[in-house]
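**Student:** Read in order, the letters of the sequence shown are residues 295 to 325 in the numbering used here.
These are computed hints drawn from the structure, not numbers from a lab. The structure presented is a predicted model; accordingly, all values stated were derived computationally and were not measured. Worth double-checking, as some hints may not be accurate.
Distance windows between CB atoms, simulated [unchecked claim]: (1) 318 to 296: 25 to 31 Å; (2) 304 to 324: 15 to 21 Å; (3) 318 to 297: 24 to 30 Å; (4) 325 to 302: 16 to 22 Å; (5) 320 to 298: 14 to 20 Å; (6) 323 to 296: 14 to 20 Å.
Where a beta carbon is used, it is the ideal one built from N, C-alpha and C, also for glycine.
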Amino acid sequence: IWGMDVIVCTTAKTDDEARALLKAFNFPFRQ
């Protein structure tokens, strides 16, 4: 859907921790 923004808040202390957490939930990251 064009123009849709999704905000995900985590308690991760670093970007690497947040990325690992979201990756575990199969969050679709752009390559």
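**Student:** Taking each numbered hint in turn, which are not upheld by the structure, reported in ascending numerical order?
**Tutor:** The structure breaks none of the hints.
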